[in-house]
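Colleague: The residues making up each chain are set out below.
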Amino acid sequence: MPTDECSRPSTTVSAPNTTSRRAFVSAAGAGATLGLAGCLGGDEDDTIKVGFVFATSGPYSLLGESHINGFQLRIDEELGGELDGREVEYVQRDTGGDPETGVTIAEEFIQSEDVDFLVGPVSGAVAFAMEPIVGQYEDEVVWLSTNSANNDLSYARGEYQTRNMFLGYQAWQLAAATGEWVYDNLGETAALSYADYAAGIEYTEDFQDGYEEAGGEVLGDVAMPLGEDDYSPYLSTIEDTDAEVVWSFFAGADAVNYIRDFHEFGLDEEMTQAGAAFLLSADTLEAQGEAAEGKYSSSIYTLDYESETNDEFKSSYESAYDTDPNIYAVLSYDGAQMMETAVEETGGVNPPELIEAMEGMELDSPRGPFEMDPDLHVPVHDVHMREVQMDDDGEPYNEVVDTIESVRPPW
Amino acid sequence: MSVQATLLGLQIAMAYFLIVAGLVIIYGMMDVINVAHGSLYMLGAYIGLTLYDVVGNFFVILVVAPLLVGIIAAGLETLTIRPLYGRHPLYHILLTLGLALIIEEVVKIVWGVDTHRIPTPEVLSGQIVVGSVNFPRYRLFVIGISLLVAVAMYLVFTRTKFGIIMRASSSDAEMVDALGMDVSKVYTAVFVAGSMLAAFAGVLMGVTNAVTPTMGIDIIIIAFAILVIGGAGSLLGVVISSLIVGMLVAYVSLFAPAMSELIIYLLMAAVLIVKPSGLLGE
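Chains A and B, in that order, are what the protein sequence lines are. When we follow the UniProt record's numbering, the leftmost residue of the first sequence carries the number 1, and every step to the right adds one. When we follow the UniProt record's numbering, the leftmost residue of the second sequence carries the number 1, and every step to the right adds one.
Incorrect hints may appear among the rest.
[As the list claims (entries may be wrong)] Here are the simulated EDC-like cross-link-like pairs (lysine to aspartate or glutamate), alpha carbons at most 20 angstroms apart as the crow flies:
1. B:K108 x A:D229
2. B:K108 x A:D76
3. A:K314 x A:E77
4. B:K185 x B:E174
5. A:K314 x A:D76
6. B:K161 x B:E174
7. B:K108 x A:D283
8. B:K108 x A:E286
9. B:K108 x B:E122
10. B:K108 x A:D94
11. B:K185 x B:D31
12. A:K314 x A:E65
13. B:K161 x B:D177
14. B:K161 x B:D182
15. A:K314 x A:E78
Don't read these hints as lab results, they were simulated from the structure.
Chain A extracted, bound-state conformation:
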């Protein structure tokens, strides 16, 4: 379907048939360059178009919705739906967490919908599949990958010099960078336990590197099947290491099960539990209950992090959506802030200019102030070390006990 800004020129340039000119151009398979010349024209748009590539069904649906809420909170609620005098409009399609679908949606958004910004996805697998495809349209679209930023994506960025902006956290930042802190504060020997799949292995290896570099000794590790619903049979392997600390990677339901089993068997009386953010996050703490108390995790956003920006963000989010924000909302809120600043600075939506403006950009985020690394295109942000404590109603929450400042991956 022709968009507003495209249908107008198509009335002056007579198309060969009833098909709109844009549809003709993309059908001719020459979408990339012709599309830019004929239709985008960079600065002539009077709207800014954003395409959301998120899973809004399936296990990641809550995450996808939070991302969209966070983005729209900044643009629609706080800025009245306008940037630099232009209206911001959205298109949205559900990836269902499927890489193929994600790629198809991204291509359609770029070719047919003529979006200026792609925002999403949640899943690392989807982002990885999108990377080479979106890379072909670098002069037409800015990709704000607001969630996924596993190490490989920023490695890839280093290798191919793609323009995509990764707003999320890197495995390295949440794991390797915390090794020294764990060694200094929690214990000099550690056992590792993790969900046996790509992310679990990546985070755990990163942590082991950082921990051993700091002088720590890893006494044993146990990989547990992803989606396990009873961790008790594995726990005595951890216990038998007699390590001071056990560092873990589990997320979602796995994190709930693991933490509760750990507590049920009384292991927290013998060793200190620590892990990456997801182990003890806002979406698991309620189900973990008192079992979470006294356990540590690393994160780049904490609901109870004290700053003026975060306070304002929280009350703004609550009044718009009637619920507490989560890390995913923050990531896309920051994506919107970056888009806002870059559009205002460059006075247009020309992708190469926008990307240049975003490189090295400093943002005052609810997660804390950070800078977009000009080379890696990832945030150089603070990592919060948090301990779960119980509030007056006996509900667990994360208290930031320390901050590791400006963490940048070393590659």
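Once you've looked at the hints, dock chain B against the given chain A.
Modeller: Only chain B this time, still in chain A's reference frame:
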């Protein structure tokens, strides 16, 4: 021998047994392969969760949630399964698979996709020293109460009039009908009883395992494996296969974590090749 792994194996076995027992009596009596059995287990956990918010007492919900699931099961049996009696078993599989998918979606709509757990009851929290190890009090309770249920089941089957009618209906439904018993009522009762066992297990396991919309499908796969290993229709067979699988899970997790699920299906494949009717099946 590890005391901890043995106790755990026993506890896991007992929980499996409660689920598979329901599956076995429904199959044994009614010739229905109930794929939705895991979903009734899940409903037990979710209804228990919601009831817990209302009454706040674990032991009350352990009784009430299965009763409520029993009512739902009665409705399902009467409205959907009954019209298909006498058809090829494939119809039952397709129908109950459909029911399982519907229940899963309904659960997602009503309770969402988040992970929950039923809180451990205060009197059963913490650990008890057993020999040389600490073992969670609650899991010992699961072993104990499951044993009680197993003994009660045995007594119902062998010592009560209801048990005799059930067994009679299973071996010759027409004769029981001719003697003036309403066999369809017996079938409903069997289906409800099996479903209540599943729901009971759901509440018990909702404390130690996560309550999620996929727990029904997850458990039914293992339950079928145990059924196949033990011998479909043989209650004693599934007692033995539950114990074998429980112990395997506990011990293999200790020595070869990556193998702990695979081993169940390897065993099932081996049984199917060597003795397709299962350990004690006919």
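Colleague: Hint by hint, note whether the structure agrees.
Modeller: Going through the hints against the structure:
| no. | hint | result |
| --- | --- | --- |
| 1 | B:K108 x A:D229 | 18 angstroms, holds |
| 2 | B:K108 x A:D76 | 30 angstroms, violated |
| 3 | A:K314 x A:E77 | 13 angstroms, holds |
| 4 | B:K185 x B:E174 | 14 angstroms, holds |
| 5 | A:K314 x A:D76 | 16 angstroms, holds |
| 6 | B:K161 x B:E174 | 18 angstroms, holds |
| 7 | B:K108 x A:D283 | 16 angstroms, holds |
| 8 | B:K108 x A:E286 | 18 angstroms, holds |
| 9 | B:K108 x B:E122 | 29 angstroms, violated |
| 10 | B:K108 x A:D94 | 18 angstroms, holds |
| 11 | B:K185 x B:D31 | 15 angstroms, holds |
| 12 | A:K314 x A:E65 | 17 angstroms, holds |
| 13 | B:K161 x B:D177 | 16 angstroms, holds |
| 14 | B:K161 x B:D182 | 14 angstroms, holds |
| 15 | A:K314 x A:E78 | 13 angstroms, holds |
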